[in-house]
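Chains as they are written, first to last, in numbering that gives the first Met the number 0: chain R, 0 to 78; chain L, 0 to 333.
Some hints could be false.
[Unchecked claim] Below are the DSSO-like pairs computed for lysine-lysine, each with C-alpha atoms no more than 30 Å apart in a straight line:
| no. | chain 1 | residue 1 | chain 2 | residue 2 |
| --- | --- | --- | --- | --- |
| 1 | R | LYS61 | R | LYS27 |
| 2 | R | LYS27 | R | LYS64 |
| 3 | L | LYS222 | R | LYS27 |
| 4 | L | LYS112 | R | LYS61 |
| 5 | R | LYS75 | R | LYS27 |
| 6 | L | LYS196 | L | LYS112 |
| 7 | L | LYS196 | R | LYS50 |
| 8 | R | LYS50 | R | LYS61 |
| 9 | R | LYS50 | L | LYS71 |
| 10 | R | LYS50 | L | LYS222 |
| 11 | R | LYS27 | R | LYS50 |
| 12 | R | LYS64 | L | LYS196 |
| 13 | R | LYS64 | L | LYS222 |
| 14 | R | LYS75 | R | LYS50 |
| 15 | R | LYS50 | R | LYS64 |
| 16 | L | LYS273 | L | LYS236 |
| 17 | L | LYS196 | R | LYS61 |
| 18 | L | LYS236 | L | LYS222 |
| 19 | L | LYS236 | L | LYS196 |
| 20 | L | LYS71 | R | LYS61 |
| 21 | L | LYS222 | R | LYS75 |
| 22 | R | LYS61 | R | LYS75 |
| 23 | L | LYS236 | R | LYS75 |
| 24 | L | LYS236 | R | LYS50 |
[To be verified] On the chain R side, residues computed to face chain L include the following (Cβ under 10 Å):
| no. | residue |
| --- | --- |
| 25 | VAL20 |
| 26 | ILE30 |
| 27 | ASP36 |
| 28 | LEU38 |
| 29 | GLU42 |
| 30 | MET45 |
| 31 | VAL53 |
| 32 | ASN62 |
Honestly, the hints are just simulated from the structure, not real lab data.
Just so you know, these numbers come straight off a predicted model, no measurement behind them.
Each residue gets a CB set at the ideal place from its N, CA and C atoms; glycine is no exception.
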Amino acid sequence: MSQEILEGLAAIVNEVAGTPVADITADKAFIDDLDIDSLSMVEVVMACEDKFGVSIPDGEVKNLKTVGDAVAYIEKAQA
Amino acid sequence: MTAALRLPATRPGSRIMSVGSYRPSRVVANDEIAARIDSSDEWIRERTGIIERRFAAYDESVVDMAVAAAGKALANAGVAPEAIGMVLLATVTHPYQTPSAAAEVSDRLGTRKAGALDIGAACAGFCYGLGLADTIVRTGTAEHVLVIGVEKLTDFVSPTDRGAAFIFADGAGAVVVGPSDHPGIGPVVWGADGSQKDAITMTQSWIEYRDEPAEQYPVLTMKGQQVFRWAVGEISKVCTEALEAAGITSDDLVAFVPHQANMRITDAMVRALKLPEHVVVARDIATTGNTSAASVPLALDALLQSTDLPSGGLALLVGFGAGLAYAAQVVELP
Chain R
0 MSQEILEGLA AIVNEVAGTP VADITADKAF IDDLDIDSLS MVEVVMACED KFGVSIPDGE
60 VKNLKTVGDA VAYIEKAQA
Chain L
0 MTAALRLPAT RPGSRIMSVG SYRPSRVVAN DEIAARIDSS DEWIRERTGI IERRFAAYDE
60 SVVDMAVAAA GKALANAGVA PEAIGMVLLA TVTHPYQTPS AAAEVSDRLG TRKAGALDIG
120 AACAGFCYGL GLADTIVRTG TAEHVLVIGV EKLTDFVSPT DRGAAFIFAD GAGAVVVGPS
180 DHPGIGPVVW GADGSQKDAI TMTQSWIEYR DEPAEQYPVL TMKGQQVFRW AVGEISKVCT
240 EALEAAGITS DDLVAFVPHQ ANMRITDAMV RALKLPEHVV VARDIATTGN TSAASVPLAL
300 DALLQSTDLP SGGLALLVGF GAGLAYAAQV VELP
C-alpha cells in the first residue's frame with residue numbers, strides 16, 4: 000500500500016473532520032471510526048480527486064468503506 | 000419599403016430597489032420532524048445546520064404568501080402597483096399546472112399593466128428572474144419588474160422522506176427591480192445540466208400516478224450526496240465566473256447570499272471560494288430551512304434587517320437546484 004497516498008488521505012480526513020492524523024490508519028472505517036458522515040465523505044472524495052488526479056464516481060463512493068479501500072482505489076486509478 | 004420598427008430607449012443599468020418577505024407564523028422545531036423519520040434534533044443540526052423552519056397553514060397558498068411578500072416589496076420601494084411592467088414568479092409548488100401563480104398574484108396586487116409568468120427553475124428560479132428583470136429594465140421593455148420567489152414545499156415533500164422532510168420549508172421573498180444610472184445588477188451567469196435531472200425530481204409523473212394511483216401523490220425527492228457534490232464542486236466555479244463577469248473580485252463584496260440549500264453546502268462553498276473574512280455570509284437556513292426559490296430573497300431580507308450592510312454594497316447571489324439549473328450575479332444592495 001502506498002504510504003504517500005495514505006498520508007495524503009489522512010491529511011484530507013484531518014482537514015474535513017478534524018480527526019487526528021495518527022488515528023487515520025488503513026483498517027479504519029470512514030463512517031464508523033473517523034467522524035465522517037455521508038456529506039463529509041463527499042468532501043473527502045472531492046479533495047482526493049483534486050490531490051491525486053483521479054476520478055471517483057458517485058457509484059464508487061459507497062464501496063470505499065475503509066481508509067485502505069480508498070487508498071487501493073486511488074492506487075489503481077492512478078496506474 | 001418596409002417601415003422600420005422602433006425600439007424603446009435603453010437604460011445604463013437596473014437595480015434592486017427593495018426587498019419584502021413573508022414567513023409563515025408556525026415555527027417547526029427539529030423534534031417534530033425527527034419523530035416522523037426516526038432521527039434526532041442533533042442529527043438534523045449536524046447534517047443541515049437547521050434548527051427550526053416555518054410551515055404554512057393548511058389553507059395558506061403559494062399565491063397568498065407571494066402577495067404578502069410582494070406587497071411589502073412594493074411598499075418598501077414606494078412604487079405603485081400600476082408602475083410594474085412585469086411580474087416574474089419563481090416557484091415549483093404552485094399546485095395548478097395552469098393558470099400561472101403570477102397571473103393571480105398580479106391581479107391581487109393590482110399590477111394591471113404587467114405581464115405575468117411563472118419561472119420553473121427550482122431553487123435557481125429567483126436568480127433567473129433577477130437576470131431576466133435586469134434585461135427587461137435595461138432594454139426599456141418595462142420600467143419596474145417584480146421578482147418573487149415563493150414555495151410551499153410542505154405540500155410536495157413526504158413528511159416521512161428521510162432524505163428531504165427535515166430540509167424543506169415554506170415562505171416567500173420578493174424584490175422590485177427598477178432603473179439605475181449605472182449597473183446595479185451584474186451580468187447573470189446561468190446554465191442547466193439536464194443529464195443530472197434525476198438528482199432532484201418527482202417520485203413519479205402525473206401520468207404514471209393517473210395510471211397506477213398510489214397512496215402518496217408525486218412529491219419531490221433528492222439524492223443528497225449527488226447534489227452536495229455538484230453544488231460544492233460546480234457552483235463555486237459559477238460564483239467565480241459571476242464575479243469575473245461583473246469585473247470584481249471577492250475582496251469587493253460585502254455579502255454572499257447563496258441559495259439556502261444546506262449549511263454544510265454554504266460552508267463548503269465559502270471554503271472553496273476563499274471568501275475574505277469581511278464578507279458577511281447569509282445563514283438564514285438555520286431558522287428558515289430550505290425554501291427553494293424563496294430562499295435567496297428571504298436570506299437577503301434577513302441579512303438587511305440584522306446587519307448594517309451599506310446600501311450600494313456588493314453582494315454575490317447564487318441559486319442552484321433541480322434541473323440541475325443554476326444562476327448567479329453580483330448586485331448592489333438596496
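Of the hints given before, which are not true for this structure?
4, 6, 9, 20, 25, 26, 31, 32
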